[in-house]
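From first to last, the protein sequence lines stand for chains L and U.
According to numbering that gives the first Met the number 0, the first sequence holds residues 0 to 467 in order.
According to numbering that gives the first Met the number 0, the second sequence holds residues 0 to 184 in order.
Simulated from the structure, these hints should not be mistaken for lab results.
Here a beta-carbon is modelled for each residue, glycine too, at the ideal position from N, C-alpha and C.
Misleading hints may appear alongside valid ones.
[Said to hold, decoys possible] Okay, the calculated bits of chain U under chain L, using three or more residues with CB under 8 Å as the criterion:
no.	stretch
1	67-75
2	120-133
3	137-147
[Said to hold, decoys possible] Here are some of the chain L residues that sit facing chain U, going by a computed Cβ distance under 10 Å:
no.	residue
4	Y81
5	E82
6	I293
[To be verified] Estimated spans, in silico, between C-beta atoms of each pair:
no.	chain 1	residue 1	chain 2	residue 2	range
7	U	L51	L	P69	55 to 65 Å
8	U	N55	L	Y6	16 to 26 Å
9	U	N159	L	P269	29 to 39 Å
10	L	A62	U	A162	43 to 53 Å
11	L	T351	U	R173	24 to 34 Å
12	L	A2	U	Q56	22 to 32 Å
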Amino acid sequence: MKADDLYNGITGIRDDQVMEAVDAKKRERKRRRLPWAVATAAVLAIVLVALLVSGPMGTTGYALAEPTYPKTVSYGDGQEQYEKWRAQADQRSAAAEGLEHATDQFQAALLPQLLQGDGENRVCSPLNIYIALSMLAETTGGNSRDQVLSQLGCGDMETLRDQANRLWTANWLDDGVTTSRLANSIWLADGRTYAKSTVDTLADRYYAASYQGEMGSDGYTKALQDWLNENTGHLLEKEAGGIQTTPETIMTLASTIYFRAGWKDEFYAPSNTQETFHAPDGDETVEMMHYSDIQTYYRGTHFGAITRSFRNGGCMVFVLPDEGYTPEDLLAEGEVLTFLNQRQYEDWAAGTRYDVHLSLPKFDVSSNLNLLDTLQAMGITDILQPGLADFSPLLPDDADAALSSATHAARVKVDEEGVEAAAYTVLSTEDTAVEPPERLDFVLDRPFLFTVSGATGSMLFAGVVNHP
Amino acid sequence: MEDSEIIVLYQHRDEEAIRQTELQHGTFCRRLAGNFLRDVRDVEECLSDTWLAAWNQIPPEKPLCLRAFLGRITRNLAVSRYRRNQAAKRGSGLEILLDELEEALPGADLQQQLEQQELSRVISQWLDGLPREDRILFVRRYWMGESVKDLAAFAGETPNRMARKMQRLRQSLRRRLEQEGESVP
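Just chain L, with the same shape it has in the complex:
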């Protein structure tokens, strides 16, 4: 056979194979034209904890110190640029080494608490809450600290610091393709005495900015809201608008995460259809996106799951309970938590390759949760009670300080352009000369669970979608 024969043979491949490539090209051009104009799959969350104590307040004043964040090498054309980018990606992987199961225990305790709902959407960021609680542990002592450490699965502060710092490093990324931005801050009240060493530790190990001002003043409250908005891409403006400082507040810790990435393979918008979604309180019409590919379908006792990769790393996992089961049932059973804690989903034994036809509703879900009850349920109780709460590492003169509020707001948006992911993992297969596997329809037309994992495997977000 000559090359000419082969060339002619390729000429005659089926039309649908040609058009698949043509359409992929169209979508690429659209992406280049509007690189970030459309909020694709953007997810973010904030955690805010505030301490209250009665007493006189001081004057104004804002930034004490602001962190210098590590610079991310941009992902760009050219071998040299790529090598630099790769080296930094390797550093992130190295930071994540040994942390594969560091947050498993915490997530297993947290998710059933936070995702058990009342038929509404529930979204949270386990990583965000983990880091916020780590900072809280820095400011507490005695039994108050021990209770937090126990929930975070750490025996001592140095282990926790190392772990939180490495989680931060492993998940900090802003390379022009994926944005995974974490930020922390501590807001102090004028006229009070703070232990500088604790504020320094927060700055050194958690990249926490520190501010000091007049609690309850419009200017200081606005500064806090602006900080939250800036670090959450302005996607939680409504929730942040409800955050207030009061004259009684003596310290606020704020922690944010903002994540945006594109699907490795985008959905094709013209193929979207209007479909029925069977919500807990009745049917709804939703815009359903469709995508088919040969991929692994995972089975649990009462659920099926698939993953969708982001460009340059990370993935989203969709878990569909079997008919007759709800996301809450799965969380109560626990098996799904073991599955979601996998770092390599391929390790899950019950996985089979199928020609998966995925139907996924576009969704934009958010929730604003009060964490106080959750903390109590998890056994973190002392810090809530004046007299028992021990904040001496930060506030040596305030024996009456206690945690007065803890809120967690999160939002996840998913659409066709989605969140882009690494080409390397999925493209490396050399499946050849095999017949296409059996078809499987994976239709998310009833309440389902999802998680968003970063490139280094951390579970950044988890949620239950009851109303897409």
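Given the structure of chain L, go ahead and fit chain U onto it with the hints provided.
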């Protein structure tokens, strides 16, 4: 205008068909021709030839997918033109003559056509077994003639990695064709 309406215009021998075809598919065909030809004049001439060929072939042809149909014509014409240009560059009078005489050769016989169809079927089947992104990359490289560098940018990989991927795909196709053995020309 929808493709089905354009095809009706062809069937009614309405020259508006050519204008609508250029309007709907001109950019695509121009880009495709540009992947094979560097000279803008060559690209434009290739496009004119494509519209003429479509006019001559529809009817009796009634393409199910007009864009793929036009792309196939553009691709073949662009490659022929490229070969002619190469022959001219080499400056051999004989090569140019032979190239020109090729146009006078009778069309491929039925046996040849069947063999080519069978080969296309095997390649399509092989493509079906690939992950979607590999399939798209292969078609964009070897059907649409895109550069490895462009494909690397599309897939978010380096050109070196993309070149290796293409090599693996070619080897995979070779194994598949070897399995088919004598049944493929």
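We went through each hint and held it up to the structure:
no.	hint	result
1	67-75	holds (count 6)
2	120-133	holds (count 12)
3	137-147	holds (count 5)
4	Y81	holds (4 Å)
5	E82	holds (8 Å)
6	I293	holds (6 Å)
7	U/L51 - L/P69: 55 to 65 Å	holds (60 Å)
8	U/N55 - L/Y6: 16 to 26 Å	holds (23 Å)
9	U/N159 - L/P269: 29 to 39 Å	holds (35 Å)
10	L/A62 - U/A162: 43 to 53 Å	holds (50 Å)
11	L/T351 - U/R173: 24 to 34 Å	holds (29 Å)
12	L/A2 - U/Q56: 22 to 32 Å	holds (26 Å)
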